[in-house]
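Sequences listed follow chains A and B, in order. Using this note's numbering, you'd call the opening residue of the first sequence number 1 and step up by one each time. Using this note's numbering, you'd call the opening residue of the second sequence number 1 and step up by one each time.
Simulated from the structure, these hints should not be mistaken for lab results. Be careful, since some hints might not be right.
Cross-link-like lysine-lysine pairs, in silico, DSSO-like; alpha carbons within 30 Å at most [as the list claims (entries may be wrong)]: (1) A:395 x A:405; (2) B:348 x A:116; (3) A:114 x B:159.
Please read all numbers here as calculations on a predicted model, not as lab measurements.
Protein chains: 2
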Amino acid sequence: MVLLKIEKQDSKPVFRQIIDQVIELIENKSLKEGDSLPSTRNLADTLGLDRSTVYRSYLELTALGYLESCPGSYTRVRKRARVVTETSNSEPGILDWSIHSNSESNQLYDFFLKFKPETAVRIPDDLINLSPLDLDHRIFPVDDFRRCLNQVLVNLGPKILRYGSYQGDQNLREDIARRLQIHGISISRDEVLVTNGAQNAIELVLKLLGKPGEYVAIESPTYANVIPLIRHHGMNLLEIPVNDQGMDLDQLEQMISKRPPILVYTIPNFQNPTGITTDQPHRERLLGICERYKIPLVEDGFEEEMKYFGKAVLPIKSMDRKKIVIYLGTFSKVLFPGIRVGWIAAEKECINRLTSIKRFVDLSSSSIIQAAVSAFIRGGYYDKHLKKMHRIFRKRMTTTLTALKIHLPPHVKWTKPDGGYTIWVSLPWASESEREFVDTFIKNGVLVSPGLYYFFSSHSHRYFRISISSLNEDEITEGVRRLGKSLQKMKEQRD
Amino acid sequence: MVLLKIEKQDSKPVFRQIIDQVIELIENKSLKEGDSLPSTRNLADTLGLDRSTVYRSYLELTALGYLESCPGSYTRVRKRARVVTETSNSEPGILDWSIHSNSESNQLYDFFLKFKPETAVRIPDDLINLSPLDLDHRIFPVDDFRRCLNQVLVNLGPKILRYGSYQGDQNLREDIARRLQIHGISISRDEVLVTNGAQNAIELVLKLLGKPGEYVAIESPTYANVIPLIRHHGMNLLEIPVNDQGMDLDQLEQMISKRPPILVYTIPNFQNPTGITTDQPHRERLLGICERYKIPLVEDGFEEEMKYFGKAVLPIKSMDRKKIVIYLGTFSKVLFPGIRVGWIAAEKECINRLTSIKRFVDLSSSSIIQAAVSAFIRGGYYDKHLKKMHRIFRKRMTTTLTALKIHLPPHVKWTKPDGGYTIWVSLPWASESEREFVDTFIKNGVLVSPGLYYFFSSHSHRYFRISISSLNEDEITEGVRRLGKSLQKMKEQRD
Numbered sequence: 001m002v003l004l005k006i007e008k009q010d011s012k013p014v015f016r017q018i019i020d021q022v023i024e025l026i027e028n029k030s031l032k033e034g035d036s037l038p039s040t041r042n043l044a045d046t047l048g049l050d051r052s053t054v055y056r057s058y059l060e061l062t063a064l065g066y067l068e069s070c071p072g073s074y075t076r077v078r079k080r081a082r083v084v085t086e087t088s089n090s091e092p093g094i095l096d097w098s099i100h101s102n103s104e105s106n107q108l109y110d111f112f113l114k115f116k117p118e119t120a121v122r123i124p125d126d127l128i129n130l131s132p133l134d135l136d137h138r139i140f141p142v143d144d145f146r147r148c149l150n151q152v153l154v155n156l157g158p159k160i161l162r163y164g165s166y167q168g169d170q171n172l173r174e175d176i177a178r179r180l181q182i183h184g185i186s187i188s189r190d191e192v193l194v195t196n197g198a199q200n201a202i203e204l205v206l207k208l209l210g211k212p213g214e215y216v217a218i219e220s221p222t223y224a225n226v227i228p229l230i231r232h233h234g235m236n237l238l239e240i241p242v243n244d245q246g247m248d249l250d251q252l253e254q255m256i257s258k259r260p261p262i263l264v265y266t267i268p269n270f271q272n273p274t275g276i277t278t279d280q281p282h283r284e285r286l287l288g289i290c291e292r293y294k295i296p297l298v299e300d301g302f303e304e305e306m307k308y309f310g311k312a313v314l315p316i317k318s319m320d321r322k323k324i325v326i327y328l329g330t331f332s333k334v335l336f337p338g339i340r341v342g343w344i345a346a347e348k349e350c351i352n353r354l355t356s357i358k359r360f361v362d363l364s365s366s367s368i369i370q371a372a373v374s375a376f377i378r379g380g381y382y383d384k385h386l387k388k389m390h391r392i393f394r395k396r397m398t399t400t401l402t403a404l405k406i407h408l409p410p411h412v413k414w415t416k417p418d419g420g421y422t423i424w425v426s427l428p429w430a431s432e433s434e435r436e437f438v439d440t441f442i443k444n445g446v447l448v449s450p451g452l453y454y455f456f457s458s459h460s461h462r463y464f465r466i467s468i469s470s471l472n473e474d475e476i477t478e479g480v481r482r483l484g485k486s487l488q489k490m491k492e493q494r495d
Numbered sequence: 001m002v003l004l005k006i007e008k009q010d011s012k013p014v015f016r017q018i019i020d021q022v023i024e025l026i027e028n029k030s031l032k033e034g035d036s037l038p039s040t041r042n043l044a045d046t047l048g049l050d051r052s053t054v055y056r057s058y059l060e061l062t063a064l065g066y067l068e069s070c071p072g073s074y075t076r077v078r079k080r081a082r083v084v085t086e087t088s089n090s091e092p093g094i095l096d097w098s099i100h101s102n103s104e105s106n107q108l109y110d111f112f113l114k115f116k117p118e119t120a121v122r123i124p125d126d127l128i129n130l131s132p133l134d135l136d137h138r139i140f141p142v143d144d145f146r147r148c149l150n151q152v153l154v155n156l157g158p159k160i161l162r163y164g165s166y167q168g169d170q171n172l173r174e175d176i177a178r179r180l181q182i183h184g185i186s187i188s189r190d191e192v193l194v195t196n197g198a199q200n201a202i203e204l205v206l207k208l209l210g211k212p213g214e215y216v217a218i219e220s221p222t223y224a225n226v227i228p229l230i231r232h233h234g235m236n237l238l239e240i241p242v243n244d245q246g247m248d249l250d251q252l253e254q255m256i257s258k259r260p261p262i263l264v265y266t267i268p269n270f271q272n273p274t275g276i277t278t279d280q281p282h283r284e285r286l287l288g289i290c291e292r293y294k295i296p297l298v299e300d301g302f303e304e305e306m307k308y309f310g311k312a313v314l315p316i317k318s319m320d321r322k323k324i325v326i327y328l329g330t331f332s333k334v335l336f337p338g339i340r341v342g343w344i345a346a347e348k349e350c351i352n353r354l355t356s357i358k359r360f361v362d363l364s365s366s367s368i369i370q371a372a373v374s375a376f377i378r379g380g381y382y383d384k385h386l387k388k389m390h391r392i393f394r395k396r397m398t399t400t401l402t403a404l405k406i407h408l409p410p411h412v413k414w415t416k417p418d419g420g421y422t423i424w425v426s427l428p429w430a431s432e433s434e435r436e437f438v439d440t441f442i443k444n445g446v447l448v449s450p451g452l453y454y455f456f457s458s459h460s461h462r463y464f465r466i467s468i469s470s471l472n473e474d475e476i477t478e479g480v481r482r483l484g485k486s487l488q489k490m491k492e493q494r495d
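For reference, chain A alone in the conformation it holds in the complex (with noise of 0.2 Å):
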């Protein structure tokens, strides 16, 4: 006979403790392999519960693999029972990962541990971290994003948690190519892609372009996460070396003429890491070079609305009338990047090549994201925030920048952006490398991105990035003094 105490005024539903004590009877030896469990109507009428209820407790021993019940037969506790909790986490399995995994995703993962800096130094507490390319959440305008997406899930109901178009939202579409308008893309939602973030859109590309031996021609430095999965798709790079005013484009057609790659991959606005904007002819001439090529060209315009000096520059996909730029953008610089919400605008057809990789790589994004994206940029709420992180940048960055030309030793140089949140520094000496200049910050309390992170090939100089995207006016002071400081330090003990 089994004893089971049921408490109806417990908290935990009487279910629940009749699974909590047979479970702790059969580890107790108390019930053995093999041993009959009362009847559910039997038990039901010993504990005074209803049927169900004890129905829904074996039925969940059974699947925990506690109990088994034959059709016509009682409930048994379950040969096998101890399965479950005799499954060691720790204990390896039997098979080397490494080995099954392809060449490309072994080189990834290389890359995944090489982004995450084991340093030896102590991290000191009060740290300043002028390393991550991540919004500020200080200001993020949470209440009004709320307010849409309340207002999306009572307005439109449950059909918005339904799977998505593959393509994305229709409203969304709209904005963002009406979005695009204001920089002179004129472009309609049909040659509009969502997708998750503009990472996401990169590999999209890749997948769609990508061939294995092929090379991509890419600007050196450049944003660090493109390396990888270029790489990750089986192609080789062609650096081409950035100067004052953008990737040096005679290095480009030289290089091109040797060598044509399969896409040329471009950041003209506020360059990933170096802050450099290229002016419009630059532009036109880097679109002329691809046309004549008939070469794709990939623009990352992933801060484009961030421009909060000096006089507007058009993308390059605004003077695309030869449906060759392949243009890519995302909300994650200007409203939040944990919603992942990015874009592709190019030529129809090519939208709908990648429409059908995205339909096969995760169906669509997150329906209800992207129609509370478009319920905030329709309610007004986009502009208004926007103008705000102007108005804040505007100042952070002249911020930084005095801040740089007060504290930063002499001979050290930096790029003077016109907008986004990047600072590239380049030091006038290299006794010693990039990740010791960077663990001689970490212990002065102050955290930038190594150089290294943004070449593929090794480069003699020594850099890092500075951002200011997640600080305010005070931390970034801060933060800088205490970069001058370690480099007057450095410099001092070399001398």
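Position chain B against the provided structure of chain A, taking the given hints into account.
For chain B alone, coordinates are given in the frame of chain A:
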């Protein structure tokens, strides 16, 4: 002198009125290339406006490509002002995207077009759609989910809109691990990776293990969307026939011994499309085969929790002491597909490698949605909803099976699933193609999925899949009645 007329009472903002009127003046040639515009101060004074309003209009007009301004000089009408409007969307570009795309993308695009059936048949207005495996949105717990979204945004604040963890929200991974424990899978949150739905989980696994030219073993028929994806990764298919007990394991062993695949893909519960659930001995034998040959076994548990008939059968992963099983799950078939939340549970080393891929293809899944799903589970809403789903679909499936018995002509056979949403119907005659069957059904007001979606190689029998996921009992009964009527008519015409 420029003449602008501003109506402060107008619902159109003043800055927008300026923009529209300047564009009008440029387009009707009242303002010509190179013409100067009044200074912002001058125009603001003339119109009695704030100078910042005029400034904003000029800024946007510059961005739109109508104006250009040089420091220290007047703003002028831009030389290339008409670039923007000249771009015609209908003119084709110079690239042939089918040539620039790689062959795997071209093949995927063909699959995409194949899955967009363009039927010549007129679709009746009252069509009953038994085709999509898309949950009935009328029973979505929208209000509970909205409560969770609000709770998360209010309690966690802006932080929840930052980039999430590459691997996925820690709480949600804990919740998933706990739910898997109910099914006998002993796993920790470190062995779980959150994905953009189960489809994306398959993509990530193929990115990790896929090797062009190698083989993947699949059930035949199988989940339609997995076939193009495997092909997209440049791999071939070992198609193992499904019989009444599931994948034919004798054939699997025979084929493996000849040509070991890089992975075996199986759907043990309510297999899509057949609805078949394999029994415990079948699962043990399949696991044993994969262990012996050291082949990763991908178990797609996409409807694990939707078992509402019969006794529990434990997932293969629950017996996986040697850690060769990569288990896939999703919230799309119990909660909502539009949130795009799925997961992979596997040995930690395998999860780490998959996480490195996730990091480079889209950085992370939506952090806010993950947090809301976790709140939904922890608030008890998930358990409540699952119970409701079981109650509803137990009835719907019973109704469907009864209706099939009543309405379908003799010799037509179908499966009797223990859960999930799909039933596989096989027809005893084959004079018409599956497309012809489907077209006839459409004419009679009911849509199903033709068997050909679920096979890669050709097959001799005629099949179709019924999905009851999105319809209520009355709709299903009427749909089945229409199917029966069509089949009856076709049979009579044939006889």
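Between the alpha carbons of residue 114 (chain A) and residue 159 (chain B), is the straight-line distance 30 Å or under? holds, 26 Å
Pair hint outcome, residue 348 (chain B) versus residue 116 (chain A) [Cα-Cα no greater than 30 Å]: holds, 17 Å
Between residue 395 (chain A) and residue 405 (chain A), is the straight-line Cα distance small enough, at 30 Å or below? Roughly 16 Å between the alpha carbons, so the hint for residue 395 (chain A) and residue 405 (chain A) holds.
In summary, this structure violates none of the numbered hints.
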